[in-house]
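There are 2 protein chains.
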Amino acid sequence: MTGDVPDDDLLARVFLARVIEPGDEVAGRWVREWGVCEVARRLRSGGVTLPGVGDKRRAGLVARAGRAEPRADLAVAREAGVRFVSPGDGEWPGQLDDLGDARPLGLWVRGPASLRMWALRSVAVVGARACTEYGAHMAATLAAGLAERGWVVVSGGAYGVDGAAHRGALGAGGATVAVLACGVDRAYPKGHAQLINRIAEQGLVVGELPPGDHPTPSRFVLRNRVIAALTRGTVVVEAAHRSGSLVTARAAQRLGRHTMGVPGPATSGLSAGVHELLRGDATLVTDAAEVVELVGDMGELAPDRRGPVLPRDLLDAPARRVLAALPGTRTATADEVARGAQTTEDDAIARLYELRSLGYVERHGDGWKLTRQAMISVRSGRSPC
Amino acid sequence: MTGDVPDDDLLARVFLARVIEPGDEVAGRWVREWGVCEVARRLRSGGVTLPGVGDKRRAGLVARAGRAEPRADLAVAREAGVRFVSPGDGEWPGQLDDLGDARPLGLWVRGPASLRMWALRSVAVVGARACTEYGAHMAATLAAGLAERGWVVVSGGAYGVDGAAHRGALGAGGATVAVLACGVDRAYPKGHAQLINRIAEQGLVVGELPPGDHPTPSRFVLRNRVIAALTRGTVVVEAAHRSGSLVTARAAQRLGRHTMGVPGPATSGLSAGVHELLRGDATLVTDAAEVVELVGDMGELAPDRRGPVLPRDLLDAPARRVLAALPGTRTATADEVARGAQTTEDDAIARLYELRSLGYVERHGDGWKLTRQAMISVRSGRSPC
Numbered sequence: 001m002t003g004d005v006p007d008d009d010l011l012a013r014v015f016l017a018r019v020i021e022p023g024d025e026v027a028g029r030w031v032r033e034w035g036v037c038e039v040a041r042r043l044r045s046g047g048v049t050l051p052g053v054g055d056k057r058r059a060g061l062v063a064r065a066g067r068a069e070p071r072a073d074l075a076v077a078r079e080a081g082v083r084f085v086s087p088g089d090g091e092w093p094g095q096l097d098d099l100g101d102a103r104p105l106g107l108w109v110r111g112p113a114s115l116r117m118w119a120l121r122s123v124a125v126v127g128a129r130a131c132t133e134y135g136a137h138m139a140a141t142l143a144a145g146l147a148e149r150g151w152v153v154v155s156g157g158a159y160g161v162d163g164a165a166h167r168g169a170l171g172a173g174g175a176t177v178a179v180l181a182c183g184v185d186r187a188y189p190k191g192h193a194q195l196i197n198r199i200a201e202q203g204l205v206v207g208e209l210p211p212g213d214h215p216t217p218s219r220f221v222l223r224n225r226v227i228a229a230l231t232r233g234t235v236v237v238e239a240a241h242r243s244g245s246l247v248t249a250r251a252a253q254r255l256g257r258h259t260m261g262v263p264g265p266a267t268s269g270l271s272a273g274v275h276e277l278l279r280g281d282a283t284l285v286t287d288a289a290e291v292v293e294l295v296g297d298m299g300e301l302a303p304d305r306r307g308p309v310l311p312r313d314l315l316d317a318p319a320r321r322v323l324a325a326l327p328g329t330r331t332a333t334a335d336e337v338a339r340g341a342q343t344t345e346d347d348a349i350a351r352l353y354e355l356r357s358l359g360y361v362e363r364h365g366d367g368w369k370l371t372r373q374a375m376i377s378v379r380s381g382r383s384p385c
Numbered sequence: 001m002t003g004d005v006p007d008d009d010l011l012a013r014v015f016l017a018r019v020i021e022p023g024d025e026v027a028g029r030w031v032r033e034w035g036v037c038e039v040a041r042r043l044r045s046g047g048v049t050l051p052g053v054g055d056k057r058r059a060g061l062v063a064r065a066g067r068a069e070p071r072a073d074l075a076v077a078r079e080a081g082v083r084f085v086s087p088g089d090g091e092w093p094g095q096l097d098d099l100g101d102a103r104p105l106g107l108w109v110r111g112p113a114s115l116r117m118w119a120l121r122s123v124a125v126v127g128a129r130a131c132t133e134y135g136a137h138m139a140a141t142l143a144a145g146l147a148e149r150g151w152v153v154v155s156g157g158a159y160g161v162d163g164a165a166h167r168g169a170l171g172a173g174g175a176t177v178a179v180l181a182c183g184v185d186r187a188y189p190k191g192h193a194q195l196i197n198r199i200a201e202q203g204l205v206v207g208e209l210p211p212g213d214h215p216t217p218s219r220f221v222l223r224n225r226v227i228a229a230l231t232r233g234t235v236v237v238e239a240a241h242r243s244g245s246l247v248t249a250r251a252a253q254r255l256g257r258h259t260m261g262v263p264g265p266a267t268s269g270l271s272a273g274v275h276e277l278l279r280g281d282a283t284l285v286t287d288a289a290e291v292v293e294l295v296g297d298m299g300e301l302a303p304d305r306r307g308p309v310l311p312r313d314l315l316d317a318p319a320r321r322v323l324a325a326l327p328g329t330r331t332a333t334a335d336e337v338a339r340g341a342q343t344t345e346d347d348a349i350a351r352l353y354e355l356r357s358l359g360y361v362e363r364h365g366d367g368w369k370l371t372r373q374a375m376i377s378v379r380s381g382r383s384p385c
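Here the protein sequences come in this chain order: A and B.
Per this note's numbering, the very first residue in the first sequence carries number 1; after that it's consecutive.
Per this note's numbering, the very first residue in the second sequence carries number 1; after that it's consecutive.
Next comes chain A alone, as it looks inside the complex (with noise of 0.2 Å):
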C-alpha cells in the first residue's frame, strides 16, 4: 500500500510508528489536535501542513513516510508472533497516557499476558549495565522477592542490573516485561537472545519501535520514559553518575511514581548516581517488602478489606479456566494450576498475574491461592464484586 493514506485508526497509528521517533512531543500534539489518519494524510502529502518543525526534519519524515508500510509491518509482527496495541485496546495500560503528547502511539508485545493486566502491579527494576556482583545480587533478590509478592518485574533487557532483575523473577517463577528500545522481532543486545525469547514465553517484551527497528541512544533514553510510566514505581539498583537509570528515575518522579533507590558503599561509583537520588526525594529501600510497602496501595497491607474489580464474568475464558482450577483454600503451584485448566505452565503463570492484579489471586511463596474475598464468593456462588 505504498502511497496510500492509511485508512482506519489502527493501520494509520503503525504508519506513524514507522515515521515518527518515539517522545517526540511536537508530532504527539499534531496527533491530539488532528486525529493519526489526519496527521498520516497531511505526511503522505508533502507535510507542508504541519507545522512546528523545520524544512529538514518535514523533509526527513515525508521520506519515511513514503517509505512506511504499515499492512507489511503487521504481517512481519503477526509471522514473529507480536502484536500491536494501541490507546483505546482494552490491553493498553492506560496509566501510559500520563506521558501526555510523548504517549508512545502503540506498542508491539510479544508473549502470553495481558499488558494492561500486568502494568496494574508492577514496579521496574533497573541499573547499570557495567553493575557490580553486589548489584547484580541485589537486582536478582529484589526482582524474586517482588515476584514472589505477586508483582511484575519490568526492566530494559539491557546487560548488568536489567538482565538481573529479569532473571530473578523467571527463575522465582515470577511475571517480568523487557520493555526494549528496538522492534521486539528483534533481541537486543545480542547476547541476551535467549534471555529475551525467554521472556517472551514467560513474560512480555515490549516496545514502541516497529519490526526490524535497530536501537540508537536515543531511543535508549525514550524507552525509559515507558518503564517509568508504565510501573507504580522505579527501583535503581546501582548507577553511577549521569547514568541512563537515573533518567528513567527522574521521568517516574515526574509522572509522580515512586523512586526508590538501593544503597551501596560509599566509595563506589557505581552507587553514586543512586545516592545522589535518595540525596534527593527517593526512598532508599533495601527489599522487596520495603519496595511493595512504598508501592502497594492500601490492599498491600490490609487485603481484607479490597475485593476484585472486575467482575467474573468479565474475565476471559483462558483467566475462568486458570480461577476455577485454583483449589478453594489451600495453595497450588503454577504446574498445578496448569494441569487443572489444560493449558502451559507458561499461560498460567500469565493468567494468575493477571488475576493477582483483579485481587482474585494471592502469591505465597511458591504457591497461590484464591484471596478471602474471591473464596466467599466462590463458597456463596456469587461474583466477588
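Simulated from the structure, these hints should not be mistaken for lab results.
In this text, all values refer to a predicted model and were calculated from it rather than measured experimentally.
Don't be surprised by glycine CBs; every beta carbon is placed ideally from N, CA and C.
Errors might be hidden in some of the hints.
[Unchecked claim] Listed next, the stretches of chain B that the computed footprint assigns to chain A, with coverage defined by at least 3 CB atoms under 8 Å from CB atoms of chain A:
1) 54–64
2) 131–143
3) 268–280
[As the list claims (entries may be wrong)] On the chain B side, residues computed to face chain A include the following (Cβ under 8 Å):
4) Pro265
5) Thr283
6) Leu284
7) Thr286
Let chain A serve as the given structure and place chain B on it in line with the hints.
Relative to chain A, chain B alone:
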C-alpha cells in the same frame, strides 16, 4: 569537708555531679527550681523535702550525698589535668542548654582547647563498635575531611567507628573531642588508653562523670545525648538495628540538629540501622563536603560575607599570639605557627580551631591562613569586628 554543705555554686555542682546520675530529669527540675546549693543542702539533710522520687531512690541519693567530697574530687581532677566547666563559665557550650532538665550539671574537661569554641563548629561521627573495614575507612575519611575543612570531630572514644573517627581527625592534624561515659581521668576502653591520652594532648576529653567513675550501660546511652547536643549534627557511619548510635542520632533529631547517615551495602547488617535512619528524616552523606554543606552555616558557602564575631581585643593572650604568628596572606602549617607563637604544635592546633570558630582563620589542606575579613583588619590595623 564530708558532711558539710557545699557553699558555692561550683562546689555544689561538683557535689551533685557525684550524687546525681547523668540525664536525671527529676533532679534537673530540682536544680532549675531551687538552685544547686539548695538541692545540695536538702540532700545533705536527709532529702525528705525532695519530691518526685520514691523512698528507695531518695535513700540511695542521700547515701551518695553522704560520701561525696567535692573538694577532694576537684583536687584529684586538678592533679590529672582535668578542669570542671559549668553552666555560666566562659568555656560552657551554651547549646547544651537545649537539653533542658537533662542538661549536665557540669563537664569535666581534659585538653588544651576551649570546649565552647570548638563545639561551635563541631560534628559528631559515631557508629558501631564492631564495625567493618568499610565502616572504619568511611569514619576515618570523613573525619579527616572534616578536620581539613576546619571542623571539629566529636565521638565517644569507643572501639570501631568512634576510634577510627578520632584517629582520622588526629591524623589530619585536626581537632577532635572524645565524650566519655566515665571519669575523664580514666581511659575507657582500656585498649584505647593511648588514643585517649593523645586526644587529651591534641584535642579534648570530656565527660559528665567525676574522676574515677566507671561506665555503665545507662551511662553510655545518656552520654550520647551530650554528643548530640554539643554538635551541629551527627553522622552515623555504621549501626545495626537497635544500636546505641541510633540513640545519638535520634537525640540529635529531637534537638533539631542535623542527622546524617553513610549508606552501605543493603546486605550488611551493620548498615541496617543507618538505612533505617535514612528511610526516615536523616540525610544520606557520602563525604565530608556533603556533611559540611548541611551543617555549615551560610558562611560556609559564602565565607566573604562573614567576619569574626569576637573582637580581637577579647581574645586571650595565647590565641592572640597564634593569630599574630600567621603570615599576612599565605598559608602556614600548624608547626610553623607554633614556632612563631613560641608554643607547642598541639597548643597551636587548639588555638587555630578556636580562631576558626571565630572566623579569624581558615584551613586549606594542611595549611592555615587568615580569612579575608581578618586580613583586611590586620592591614587596616582595626579589629575585624
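Status of the hint placing Thr286/B at chain A (closest C-beta pair under 8 Å) = With a closest approach of 4 Å, the Thr286/B hint holds.
Per-residue hint verdict: Thr283/B, partner chain A, C-beta under 8 Å | Cβ of Thr283/B sits 7 Å from chain A, so the hint holds.
Chain A contact restraint on Leu284/B - CB to CB distance below 8 Å = With a minimum Cβ separation of about 5 Å from chain A (threshold 8 Å), the hint on Leu284/B holds.
Coverage claim, chain A over the stretch 54–64 of chain B, checked by counting residues with Cβ within 8 Å (three needed) | violated (count 0)
Report holds or violated for chain A covering the stretch 268–280 of chain B, Cβ cut-off 8 Å, minimum 3 residues.
-> With 5 residues closer than 8 Å to chain A, the stretch 268–280 of chain B meets the three-residue bar; holds.
With a cut-off of 8 Å between beta carbons, are at least three residues of the stretch 131–143 of chain B near chain A?
-> holds (count 3)
Does Pro265/B meet its interface restraint, that is, does its C-beta lie within less than 8 Å of any C-beta in chain A?
-> 6 Å, holds
Consistency note: the structure conflicts with earlier hint 1 alone.
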